[in-house]
Structures are given as C-alpha cells and as structure tokens.
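So you can see what is in the structure, the chains are spelled out below.
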Amino acid sequence: MTGLTATHLTVGYGAAPVLSELDFTVPEGRFTAVIGPNGCGKSTLVKSLSRVLTAQADMVQLDDKPLQKLKPKLLAQRIALLPQHPVVPDGVTVRGLVARGRYPYHRPLKQWSADDPAAIAQALEDTGMTAFADFPIDELSGGQRQRAWLAMVLAQQTQYVLLDEPTSFLDISHQIEVLRLCRAITANGRTVLAVLHDLNQAARYADELVVMHRGAIVAQGTPHDILTTQLITDVFGMESMIGSDPWSGTPMVVPVAD
Amino acid sequence: MTVKMFRVGERIALGYRRRSVLIWLVMTAAILSLAAATLMLGKLGLSPADFVDILSGEASTATEFVLQRVRGPRVLIAIMAGAAFGLSGALFQNVTRNPLGSPDVLGLAAGAGAGVAAASLLPWAIPTAVGALAGAGIAIGLVIVSTGSGLSSTSKVIISGIAVAAIATAVTQFVVTATLRDEASRLTAYLVGSLNSRDIGQVGLIAATLVLAFPVILWLSPRLELMELGDELTTSLGGKAAATRTQAILVSVVLAAMAVAVAGPIAFVALMSPHAARMLTRTSGPNLVGSALTGALLMVLADLAVQQLPLVEDLPVGIITAGFGGVFLGYLLLTEFRKGQS
Numbered sequence: 001m002t003g004l005t006a007t008h009l010t011v012g013y014g015a016a017p018v019l020s021e022l023d024f025t026v027p028e029g030r031f032t033a034v035i036g037p038n039g040c041g042k043s044t045l046v047k048s049l050s051r052v053l054t055a056q057a058d059m060v061q062l063d064d065k066p067l068q069k070l071k072p073k074l075l076a077q078r079i080a081l082l083p084q085h086p087v088v089p090d091g092v093t094v095r096g097l098v099a100r101g102r103y104p105y106h107r108p109l110k111q112w113s114a115d116d117p118a119a120i121a122q123a124l125e126d127t128g129m130t131a132f133a134d135f136p137i138d139e140l141s142g143g144q145r146q147r148a149w150l151a152m153v154l155a156q157q158t159q160y161v162l163l164d165e166p167t168s169f170l171d172i173s174h175q176i177e178v179l180r181l182c183r184a185i186t187a188n189g190r191t192v193l194a195v196l197h198d199l200n201q202a203a204r205y206a207d208e209l210v211v212m213h214r215g216a217i218v219a220q221g222t223p224h225d226i227l228t229t230q231l232i233t234d235v236f237g238m239e240s241m242i243g244s245d246p247w248s249g250t251p252m253v254v255p256v257a258d
Numbered sequence: 001m002t003v004k005m006f007r008v009g010e011r012i013a014l015g016y017r018r019r020s021v022l023i024w025l026v027m028t029a030a031i032l033s034l035a036a037a038t039l040m041l042g043k044l045g046l047s048p049a050d051f052v053d054i055l056s057g058e059a060s061t062a063t064e065f066v067l068q069r070v071r072g073p074r075v076l077i078a079i080m081a082g083a084a085f086g087l088s089g090a091l092f093q094n095v096t097r098n099p100l101g102s103p104d105v106l107g108l109a110a111g112a113g114a115g116v117a118a119a120s121l122l123p124w125a126i127p128t129a130v131g132a133l134a135g136a137g138i139a140i141g142l143v144i145v146s147t148g149s150g151l152s153s154t155s156k157v158i159i160s161g162i163a164v165a166a167i168a169t170a171v172t173q174f175v176v177t178a179t180l181r182d183e184a185s186r187l188t189a190y191l192v193g194s195l196n197s198r199d200i201g202q203v204g205l206i207a208a209t210l211v212l213a214f215p216v217i218l219w220l221s222p223r224l225e226l227m228e229l230g231d232e233l234t235t236s237l238g239g240k241a242a243a244t245r246t247q248a249i250l251v252s253v254v255l256a257a258m259a260v261a262v263a264g265p266i267a268f269v270a271l272m273s274p275h276a277a278r279m280l281t282r283t284s285g286p287n288l289v290g291s292a293l294t295g296a297l298l299m300v301l302a303d304l305a306v307q308q309l310p311l312v313e314d315l316p317v318g319i320i321t322a323g324f325g326g327v328f329l330g331y332l333l334l335t336e337f338r339k340g341q342s
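Here the protein sequences line up with chains A and B, keeping their order.
Letter 117 of the first sequence, counting from 1, is numbered 117 in the numbering used here, and no numbers are missing.
Letter 215 of the second sequence, counting from 1, is numbered 215 in the numbering used here, and no numbers are missing.
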C-alpha cells in the first residue's frame, strides 16, 4: 500500500496503552483534523507517524517501508512535523528559522542546495511572512510566530505536513489564519494532518475528521457524515445538538442542557 | 543579517555572516597582538630585533630560551586551552539548551583537576591527560545520574554541579594534604589554573586535541544548529537529536579535560566565551568559531595581566578568570531566573 500508514500501531504498555492496535492511512492530498478529548492519544498518533516517537518494528510505513528503515534525511524530505512546543533559538530571524527547514537537503559540508532560495521565498510568501523575513522571532506576535514556524515546515517541501495543535494558544483570528493556511497547503496537492481542539473549526475547515477516544480511532470521514450527537456523547461525554454553521453550512456542535 | 555562502566547487558550501567574519578577524588580530605583547613585555621580553633574528634563524641562545622555554609555550597554551574551553562551553550550552550548562558550572573542570591530583598520588606514572579525562568523565557522569533528567534543567544542573565540584574539591584537598610539601605547592598552583613553566609537550597535547576535534566539530555543526529547535524538531528534520547530543558532549568533555590537563581547572572561560561571542557577533546558532576565539582572547588577556599588571603580578591566571567569571555567573543567574519567573 502506498502512502503513510499505521498498522496495528500500539504505543505504551500495560492495561491502558496510549494507542492500541490502531490502523490508519493518512488521507492523501486532504486536510485531515484529528480530534478527541484530552489524553486520547492524538499527539501520540501524529508523532508516531513522523518517527519523533519511534514506533516498534514496522508498525508505521511510508510506501510500504518501515520509517526506521528510511534514512533520517530522506524521511525528512517526505514528512514534516511541527511539534506543539518548538523551541525558539535566541536571536534568530524569521528567514533564519525558515532556512533551517532546508536541513534535510543539505550535507555536512554542503549547507546549501540550489533550491533553497526559491523554497524559502515560497514558504515566506505562502504564510504571508515575506515582509517580516528579517524580523527577530522574539519581536513577533503569537500569530506571526506560528506562521513563521509553519513557513519553516513548508520550506521542508514535504508531501506530508503533520501539525500538533497548531492553533492552541492563539487568539481566534490567528487560529482562523492557520486553518486557512492548512487548507491552502492542500490546494497544491500536499497532505495536512493536524491535531485540533475546536470541533466546529475542524468541521468547517478540514476535509476529513479522525475522531479518537482512548487510544483508538472511533470514527473517520467527512464532518457531515460522521458528526452525530451520539458520537459526541460517546467520545466527549457531553449532551449536544448539531446545527449548521451560519456561514459555511458545515456541522456545528452546540452543548445542551445547562 | 543575511547568510552568505563560502563555496569550494560543487561539494562544499558553508554559511557565514559578514558581521561574524569581521568580528572573527578583529578578535584574531587582538589575540595575535596580545600574544606579541606577552613575548615582548617585561624583563625577559623579546625586542623586534630578536623577532627578525628568530625569523632568519640567527637568534641568540638567550632569545631561543625565552621563546622556547619561558614565554612561547605559555602563550601558545593560553591561546589553545582558551579555545578548547570556549568550544567546550559552546558545545555544552548548545546541546543542553542550558545557558549555564558549561564544564565549569557542571563541576567537570573541577573533576578533571581532581583526576590530575589523584593521578599524582599513584605509585606508577599516569599521564596528566589520562587523569584529567577520567576525572572529567566521572564528574559529568555524576551530574547526569544525579539530576535524573540529563542536562537540560538549569537549576538541577547547577545544584548537581555544586555537589560534584564539592566532591572534586574534597578529593583534591585530600591529595594536597597527603602529598609532600614541595609537590603540594606545585599542585596547589596547578589547581587554581596556572600557566607558569609550561613545556612544549603540553603544547603538543592541546594542539593535537584541537586538530583532532576540528573535523568532528565541523561534521557536527549543522546538526548543532538544529538542536536549538528542540529534540522533536531536530528529529523530524532528520537530525538525530539523541546521537548528536551524545557526540557533542563527548567532544566537549575531551576538549575541557585536555585544556585542564595543560592549564589547570581554569574557571569560567568555558562559561563566558559562548555568551560573549553571541553578544559580539549577534547571531543565533552554536557560534563555535566565535566562542573558540573569545576563549583564546580571554586567556591571553588574563595571562598577560598576571605577568605584567602590578597588583595581580604572578598570581595564577585562574584567579583572574575566576574573579571575572564569578561576576559574570552572578549576572547570568540573575537574568536566567528572572526570565524563568516572567
């Protein structure tokens, strides 16, 4: 099977492993949101798909090859991951940060590849950060900073872009900016898999939802097809009604009975 | 601050910043001037005419003696041990992402000193370098084990470092009291870090260490730049975080231990150099060249001071660096813990 797949993926030990026997194929060319309550294994799934968490044996494969068997740099040319809490280096500029996304294309004595300038310029352009290229990261707002990180990940020019809670800790307008950007990334054929917390934002912007509960995937499909009051009760333990977003018409989950 | 590329054919391309290169050149010039001053000032100082004689191979015996025995080895050791301390500090601070994670704060230098002292007690001769390396290895091992979380937590590392340094000092004190008086006073001078009466063999040791470390550091450096982004991003960018940290710490321990072997446990040069280099070049990244040059500069400067300045004349050079370094450490502690609070 081609693509990025997890087969019988189990992470953690004992009575309650973080992920147990999970099967998943990342939907190609789409923006997929992973949702679920805290501690359901969302981040673990995303990290396992990128080798940041090393899964056992051949549980995660890219085009039928276990991730561990691929050279780290070659893998990094195919799969990018933006963690939830990346560390900002002291005094680095936006351009300097984005340039670090080009590492997988370099060699120890060749810290440059012919495609670097175009890739960096494109990533800055796509995230609307061109005007801020020479700003130190510390001087940016939270939203701009997140866009700089996304630009770094885009400069990596990977087919798969994995994002661990890219909208957390941002205010609403910046959250929407990031979600629009995720959609724009898939518009040119790339695949985005992002852990999101806000169900309604996920339903509105993502092509597909993956709903997780207690280390397993309990539903997967388009927001219209899978979001039901029963699912919300089962997964989040919350009574709800499902209406539709007045602007986009996508499903909108509203808590009831309070 | 755009990055330019130094290229050799198709195979080699290394990034640099113009400001950094300018600063490096200025620092190199300063180091060379101070080295020349070290050779020329004072009673035994060489005159410009002596230099001409040396270059034409017609130097007098007295001139050769000063150059090869008295001042020459001393200034070379100051430069190279300083560079080794600077590199060691830069590597440590980078992979631990801890601005205080340097060999002196960690008790590594004290451990290397204790290793040298303990080796002098043994009935059979152990080379100083081996004693230093063993002491440094044990010290860093103790710190890693006792923090329980590696080297990344600033406060835990400082506390463990204090404990390890105390143990090392106890070992050292024991050795000093247990040895004969002559040996003890020589050892005491060594243990504060002194560059008096160095010989050409020690120059060779530190030179060989730097020459061997250079290609390893060059090979590590692109990954060190990634390490600043955190382990997760380093891994997802293809940089092997855990392996990089282990390799960098190994190189760093060897550099610090060898610098201690030739110059004594000189305090705080390793801690100060990377910070000073970063302030001067105003760049992010591991700043390896800048740190090495800053370390060399600090050492030559301190050594010249103890040779020529009236108040501090003939003190071991380590006392001077400890004085400046202690103040600097206090400043770092204040800024770091303030940062932590905000």
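The set of hints was computed from the structure by calculation and includes no laboratory data.
Glycine included, C-beta positions come from ideal geometry on N, C-alpha and C.
Treat the hints with care, since some could be wrong.
What the hints assert, rightly or not - Over 12 Å on every C-beta distance to chain B, these chain A residues come out as not near it, computed from the model: (1) A76; (2) A80; (3) P83; (4) G101.
Claimed, not checked - To spell it out: a stretch of chain B is covered by chain A in this simulated footprint if at least three of its residues, at any positions, have a beta carbon under 8 Å from a beta carbon of chain A; those stretches are: (5) 13-27; (6) 232-246; (7) 295-301.
Over 12 Å from every CB of chain B: does P83 of chain A meet that, or does the non-interface label fail? violated (4 Å)
Mind checking, does the region 13-27 of chain B have 3 or more residues with a CB under 8 Å from chain A? Since three or more residues must qualify, the claim that chain A covers the region 13-27 of chain B holds, with 3 doing so at under 8 Å.
Does A76 of chain A clear chain B by more than 12 Å, comparing its Cβ with all Cβ atoms of that chain? For A76 of chain A, whose nearest Cβ neighbour in chain B is about 3 Å away, the distance does not exceed 12 Å, so it is violated.
12 Å Cβ clearance of G101 of chain A from chain B: violated (7 Å)
For the region 232-246 of chain B, does the count of residues with a C-beta closer than 8 Å to a C-beta of chain A reach 3? Per the Cβ count (8), the hint holds.
Quick check: do three or more residues in the region 295-301 of chain B have a beta carbon closer than 8 Å to a beta carbon of chain A? Violated: only 0 residues of the region 295-301 of chain B have a Cβ under 8 Å from chain A.
Was A80 of chain A rightly flagged as not at the interface, with every chain B Cβ beyond 12 Å? violated (6 Å)
When the structure is compared with the earlier hints, violations turn up for hints 1, 2, 3, 4 and 7 and for no others.
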